[in-house]
Amino acid sequence: MVTHPAGRAAPLGIQLRAIRHGYQIGGAFKPVIEDVSLDIAPGEFVALLGPSGCGKSTLLRLVAGLEPPHAGQVLADGVPVTGPGPDRIVMFQDPTLYPWRTVRANVALSRDIAGRRDDAAVDAAIEMVGLKGFERAWPHQLSGGMAQRAALARALVNDPRLLILDEPLGKLDSLTRLTMQTELLRLWQNRGFTVIMVTHDVEEALLLATRVVTFSPRPAGVISDVSIDLPYHRHRDDPRLLALRREILVRLGHSEDW
Amino acid sequence: MSGAGTTQAIAPAGKPTRTHARSRPALRALPPWAAGPAWFVAALVTWRWPDADDFPDTTTLAGLFAGIGVALLAAAALRRLSARAPWMIALGLGFAAWELVQAKLLLLPRPFFGTPQDLLDVFLTDWKRLGDSLLHSLGLLVVGYTAGSVLGIATGVGLGRSRRFRYWALPIVRLVGPLPPVSLLPLAMVLIPSNWLASEALMALGSGFPITVLTWSGVAAVDPAYYDVARTMGARERFLVFRVALPAAMPQIFVGLFMGLGMSFVMLVIAEMLGVKSGLGFYMQWAQGWAAYPNMYAALLVMSLMCTGLITILFKVRDRLLGWQKDGLKW
Chain A
1 MVTHPAGRAA PLGIQLRAIR HGYQIGGAFK PVIEDVSLDI APGEFVALLG
51 PSGCGKSTLL RLVAGLEPPH AGQVLADGVP VTGPGPDRIV MFQDPTLYPW
101 RTVRANVALS RDIAGRRDDA AVDAAIEMVG LKGFERAWPH QLSGGMAQRA
151 ALARALVNDP RLLILDEPLG KLDSLTRLTM QTELLRLWQN RGFTVIMVTH
201 DVEEALLLAT RVVTFSPRPA GVISDVSIDL PYHRHRDDPR LLALRREILV
251 RLGHSEDW
Chain B
1 MSGAGTTQAI APAGKPTRTH ARSRPALRAL PPWAAGPAWF VAALVTWRWP
51 DADDFPDTTT LAGLFAGIGV ALLAAAALRR LSARAPWMIA LGLGFAAWEL
101 VQAKLLLLPR PFFGTPQDLL DVFLTDWKRL GDSLLHSLGL LVVGYTAGSV
151 LGIATGVGLG RSRRFRYWAL PIVRLVGPLP PVSLLPLAMV LIPSNWLASE
201 ALMALGSGFP ITVLTWSGVA AVDPAYYDVA RTMGARERFL VFRVALPAAM
251 PQIFVGLFMG LGMSFVMLVI AEMLGVKSGL GFYMQWAQGW AAYPNMYAAL
301 LVMSLMCTGL ITILFKVRDR LLGWQKDGLK W
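Protein sequence lines, in the order shown, are assigned to chains A and B.
The opening residue of the first sequence carries number 1 in full-length UniProt numbering; numbering runs sequentially from there.
The opening residue of the second sequence carries number 1 in full-length UniProt numbering; numbering runs sequentially from there.
To be clear, the hints were calculated from the coordinates, so they are not data collected in a lab.
Treat the hints with caution; some may be incorrect.
[Unchecked claim] Computed Cβ-Cβ distance ranges for the label pairs, DEER-style:
{"#": "1", "chain 1": "B", "residue 1": "143", "chain 2": "A", "residue 2": "117", "range": "36 to 46 Å"}
{"#": "2", "chain 1": "B", "residue 1": "308", "chain 2": "A", "residue 2": "136", "range": "28 to 38 Å"}
{"#": "3", "chain 1": "A", "residue 1": "68", "chain 2": "B", "residue 2": "172", "range": "32 to 42 Å"}
{"#": "4", "chain 1": "A", "residue 1": "116", "chain 2": "B", "residue 2": "262", "range": "42 to 52 Å"}
{"#": "5", "chain 1": "B", "residue 1": "317", "chain 2": "A", "residue 2": "115", "range": "22 to 32 Å"}
{"#": "6", "chain 1": "A", "residue 1": "116", "chain 2": "B", "residue 2": "143", "range": "38 to 48 Å"}
Glycine included, every Cβ here is placed at the ideal spot set by N, Cα and C.
Okay, chain A solo, but in the shape it has when bound:
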């Protein structure tokens, strides 16, 4: 594994080549992704934006290696992805903590799978997301925001080269969401991994990402690919951001609704 100057694993670049995918539903084949090609450079923060049910989450599953695409290729640093791997960690919309494990044991999950203990890394991850003191709590004792933080710690403990986020903040209340957005951004800036994040919130995409890729309704195809070269911290009421927001909403077919 390539190592960063900071001692961390180098971020991963992802190449999607003419991806087609679909599901067998009721005997008929329903295409979900139609000819998607994307190049994601190492260290980028890419937001995938599109109407709900358009196949963005499916695309993430392909990148994670949870499913092989029907046609086309998923490459990680030029090497075909054949299955899931610990350098590409997924964070789902639900925290999906294991209810039978304490917060600490949940965060330590990837270490258990790898069969090596690393208490220092687990403690550091817990401290980083602000859950110190809750190590021994059961998941059902956590609030939604705390559970999602624990899931974030679980993802980060492994020092991933790519963080795959499937609407991870979608179910949080708006205040918790703001805090988590800031934290995600800080982590990405400090740790330098690549981020691919699915969201249906245009504002969130514009606040966080270096690049926003917009998808058409199912079957998903890329309809716009915009680089956001605005400096951080970005402000919600920045006129340039508002202009981009309008442009993206128009592309999504919401010219009147914003």
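Fit chain B to the supplied structure of chain A, relying on the hints for placement.
Just chain B now, kept in the frame of chain A:
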């Protein structure tokens, strides 16, 4: 009075106060110190009222009642007796009534209804055979039930995780599982040379079926996202089965283990009454043959204690393993 009431009302709800426990009227009427005297009444009736017939161990029984009375008084004085006090009072008075009705007045037909001293006499004179029977029953039960549990959990996990296993195993499970294991007894006794082995096999089959079905349903209901999380971190099938599927299905598996245990009790008694020449079931059969009803009652009592003890152990294990659940049934 309103002052005290107000203080109670605004006291923090988290702290359970003693007033709370005492305020239930049904329990307040039975104070802890009354438990000892209730047993003294039983002792006195047993000791002073002449027996209607020549019963064994009357004086020993009176001494036993008195001893329990003294122990209960001491417990009440040390404030170790509060929740159980009403039950202890009822038990003491119940023994007194039983003693009166049967040993002193002979109101119920003998020999089907024994006296307390008859029962005590069985334990005093036949404890060795009773204990031996208990050990044999426990041995038979533990082997068959353990085999059934392992078989059931393995089959359930296989049904839940593997399409190919399900294709081949499900028809067999559906054909054999619902069959009451008793119906296989005549066949098993012929096919399997040893009665002991036949009984164990049927007990494993009987307890294995509910465990299989509930493990399967538990494994099938595991959120697929749990597998995805582990898989993205590089988990292999072994981890997915033992560290994800099994713990996630554990609440369901314990329901199956509970039902399977009940089924193995049934099979135990049937096996011991029909084929196996030892154990509590066999003892009961023998006692009935000799019209030794006190022995039968004693064996029933021992068996009931054994069954409830095993279920208690199962629930203790469950409480330990499922401490992460928000709430659970307390046995």
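Against the structure, the hints come out as follows:
1. B:143 - A:117: 36 to 46 Å: holds, 38 Å
2. B:308 - A:136: 28 to 38 Å: Because 34 Å falls inside the window, the suggested range holds.
3. A:68 - B:172: 32 to 42 Å: holds, 34 Å
4. A:116 - B:262: 42 to 52 Å: holds, 43 Å
5. B:317 - A:115: 22 to 32 Å: holds, 27 Å
6. A:116 - B:143: 38 to 48 Å: Since the Cβ atoms of residue 116 of chain A and residue 143 of chain B sit about 39 Å apart, the hinted range of 38 to 48 Å holds.
Every hint from the earlier list agrees with this structure, and none is contradicted.
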